[in-house]
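Novice: Using the sequences and the accompanying hints, generate a full structural model.
Residue numbers (numbering that gives the first Met the number 0), protein chains in the order written: chain A, 0 to 277; chain F, 0 to 496.
You may find that some hints are simply not true.
Unchecked claim - Some chain A residues well away from chain F (every beta-carbon gap over 10 Å; in silico):
#, residue
1, Val-19
2, Arg-25
3, Val-51
4, Pro-97
5, His-126
6, Gln-137
7, Leu-202
8, Glu-237
9, Leu-245
10, Val-262
To be verified - Calculated lysine to any residue pairs in the SDA-like style (CA-CA distance at most 25 Å, straight line):
#, chain 1, residue 1, chain 2, residue 2
11, F, Lys-104, F, Asn-69
12, F, Lys-342, F, Glu-419
13, F, Lys-296, A, Thr-139
14, F, Lys-338, A, Leu-119
15, F, Lys-104, A, Pro-9
Said to hold, decoys possible - Partial chain F-side listing against chain A, Cβ under 10 Å, derived:
#, residue
16, Leu-107
17, Tyr-130
18, Asn-244
Honestly, the hints are just simulated from the structure, not real lab data.
In this text, a Cβ means the ideal position worked out from N, Cα and C, and glycines have one as well.
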Amino acid sequence: MTPGILLLAPLSLLPFVFIVAMSLSRVHLLGGVRFDFAGLANWARVFTDPDVGMAWVRSLSYFVLTVGIEMVLGVVFALCLWRLLRGRNAVLSLLLLPMFVAPVFVGLLGRFLTDSTFGLYAWVLRHLGFETDVLGSQGTAFAAVVLMDVWEWTPLITMIALAGLSSVPLSIREAAALDGTSGWQLLRYVVLPSISSVLLVALLIRSMDAIRYFDIIWVTTNGGPADATKIVPVRLYEVAFRFFDLGYAAAIGLLMLAVSILVARAFVRLLDRKGLAR
Amino acid sequence: MITPRSASNHRPGDLSRRRFLGGVLGGAGALAGAGLLGGCGASGSAVARHPEGGMWRQFAGSTLNFISENTAPTAAIAANVRPFTELTGITLNIVTLELSALVQKVALDLASGRSTYQVIYADPYQVLAPYAKGLVDLRELMADPSLPQVPLGVGDFIPTHLEAAGKFVSPDEIYALPYDCPTLIWQYRRDLFEKYRDRMAHDLGFDPMPGDASTWDQYYAIARWFNDNARDDVPYGTGHQAKQNDSLMNDFSNLLWAYGGDYFDNGRAVGGLGTVDPGPCRLDSPAAAEAANFYAKLLKVAHPASLTWDWDGLGNAFAAGQVAMCPNWHEYAASNEAKLPGKVDYARLPRGPVRSANMYGGTGLGISATTTADERRAAWLFAVWATAPEIELANLRSKAGGGTPTRTSVYQMPEVVAAEHRPSTMPNILTAPAVSKAWEPENIGLRPKIPMWNECDTAIFTQLSRMLAGDSGPDQAMRDTTDQINRIVSRGWVASS
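Specialist: What follows is the structure in structure tokens.
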């Protein structure tokens with residue numbers, strides 16, 4: 000284990016210990032970084048701060064919506080591509096393009112497309128009778144940042160699901176067809192169970208990413224309007240790098256880490272039950 | 000076959016795995032610690048003094064780093080930095096960033112104890128107030144006979160600029176030389192106002208042309224009139240920078256002060272010299288609630304995208320002909336003139352029941368206190384050069400950007416006075432009559448200069464954003480902001496204490 004620990008120590012363990020110490024301190028910056036022990040004050044604040052509490056509620060909503068929509072759309076697109084016999088590679092290449100764009104550019108693109116002065120989507124929406132500015136009201140701004148993330152990452156789910164679908168044995172599908180199963184029954188009882196493990200891995204990857212979503216929101220709405228898109232990572236950034244309250248930011252960050260680990264553990268346990276974790 | 004080695008196989012003097020690991024980690028820790036301490040002690044300065052070079056060339060061959068917000072004045076300096084290098088022999092690297100990124104870099108640079116950036120764009124509210132202890136008191140350099148003096152003395156800087164951008168708490172210490180001076184003024188489409196002047200005057204019962212007597216109620220009436228009567232020429236009467244951002248606080252503050260409200264008691268002093276303990280927040284006053292009420296009413300008739308615009312968004316929309324008027328930073332005049340030549344004019348912001356208030360957003364050039372003595376001296380050369388009258392004049396003429404001068408003497412130069420009227424070769428100076436009124440002590444708007452301003456600012460624009468979204472009424476928004484600011488102030492400023 001020594002080589003592993005030697006590698007991990009500078010990369011993870013020392014920073015982790017540093018962050019834990021930070022979360023128990025008031026951190027002074029000028030004249031060199033200095034920690035003053037503050038006990039559990041930052042941790043007490045994390046659990047009583049209504050702004051952080053609301054940020055968690057928004058994070059949860061965002062997490063459920065993005066990951067849920069991406070999973071459903073990703074599987075639907077994968078099934079469509081699976082059935083496509085000609086031009087599949089060309090369509091798949093086009094479909095995957097958003098995934099290769101940096102999230103900050105996705106945010107900028109979304110902002111330009113919804114800009115009420117020159118945005119294409121804003122123009123289309125205006126002609127459909129929707130006068131409100133997309134990023135200017137709470138509901139539409141939240142929906143917009145969710146959809147930007149969905150646009151970027153649904154292709155990843157599609158790609159993973161398609162890989163899973165390719166491994167469904169033809170013999171089973173033929174046997175099911177001989178037994179007279181309908182398309183829905185084939186999907187429900189043969190295809191989806193066959194790719195469930197792959198989908199679980201896709202879910203795990205996207206979940207870990209969704210918890211720390213930041214770039215698109217920062218570029219488009221800055222957490223507004225009225226805090227409607229201020230999820231935990233945005234709040235964390237604000238506390239750390241706008242207010243420079245690094246002790247409190249460390250506590251928020253560690254709580255985020257704990258939640259990420261719990262979510263990951265839940266998925267790994269599910270995989271374990273299927274005998275796929277090892 | 001490999002078998003696990005049992006403990007009994009150890010001989011005295013053998014290095015156990017645990018001891019080896021402990022030793023390696025301890026050594027790594029010691030090395031890291033030594034590296035950090037070493038890093039704190041020596042900065043590997045790229046500045047060396049050659050006294051024989053005389054006052055301006057004593058640091059020839061050195062390199063300085065200047066970190067700045069990506070503003071028009073710095074764009075002009077960056078485009079014309081060669082004269083400085085020719086004068087001093089110093090190579091100047093300029094790093095330009097968006098303001099919040101700049102604040103992060105500066106804070107971390109000061110914390111590291113190594114001055115990567117010797118010259119700092121010291122925003123008075125986000126850099127100077129929180130990190131004043133990390134900046135050099137420039138009086139020590141002014142008193143150094145081996146260095147050039149500030150041309151015409153610091154008294155040539157516009158007094159409100161020197162106080163707001165250059166000082167913190169003490170009236171004597173000077174931490175920054177005023178470098179730029181964006182100020183919120185009333186920008187309006189003169190062509191449209193002239194076209195509809197008579198009709199508006201008839202319908203509204205007053206002369207709509209912006210002037211010293213104009214009021215915010217009249218501004219609102221004009222905005223509505225444009226909405227109702229001039230859609231073919233312009234979609235909306237007014238636009239605002241009401242995104243959940245620093246810009247929203249700026250936009251609202253003009254009204255807060257115009258209605259007689261303020262963030263803290265003795266607001267002029269808290270905004271001027273600043274303080275570390277501003278006392279209780281006063282946003283729960285009736286005047287503040289009245290201002291918030293009017294602001295909410297005004298935003299209801301403004302361009303709906305106002306809720307998504309910061310100053311850049313608003314500037315682009317105004318130049319694109321989306322609104323007939325707006326309050327925005329006066330340094331947008333150059334881009335207005337480029338896109339709407341001859342069609343835009345400027346005035347001081349309207350009066351409220353108490354006064355006209357025009358948010359000042361100027362900044363000074365400071366020098367990092369984590370520099371060596373020679374680095375400070377070399378940095379001083381740049382600070383003096385960049386704020387000299389002839390450079391401010393050159394910035395006005397720059398095609399690359401350029402702000403407006405912070406020195407009284409530059410505004411008095413005949414070519415500058417002549418350029419205040421069209422045709423002008425210095426488009427930003429077209430705003431001079433408006434901003435000179437805005438900078439008068441009774442009209443200037445100075446936000447609180449306190450170390451914890453960033454967090455207070457966030458509380459203000461977040462609550463205002465909630466109010467504009469309909470989540471809370473004006474009274475409630477002001478009360479909630481007051482509570483939040485009182486909590487922030489009572490916690491005190493952590494990072495630099």
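Novice: Enumerate the violated hints, using their earlier numbering and listing them in ascending order.
Specialist: 2, 6, 8, 9
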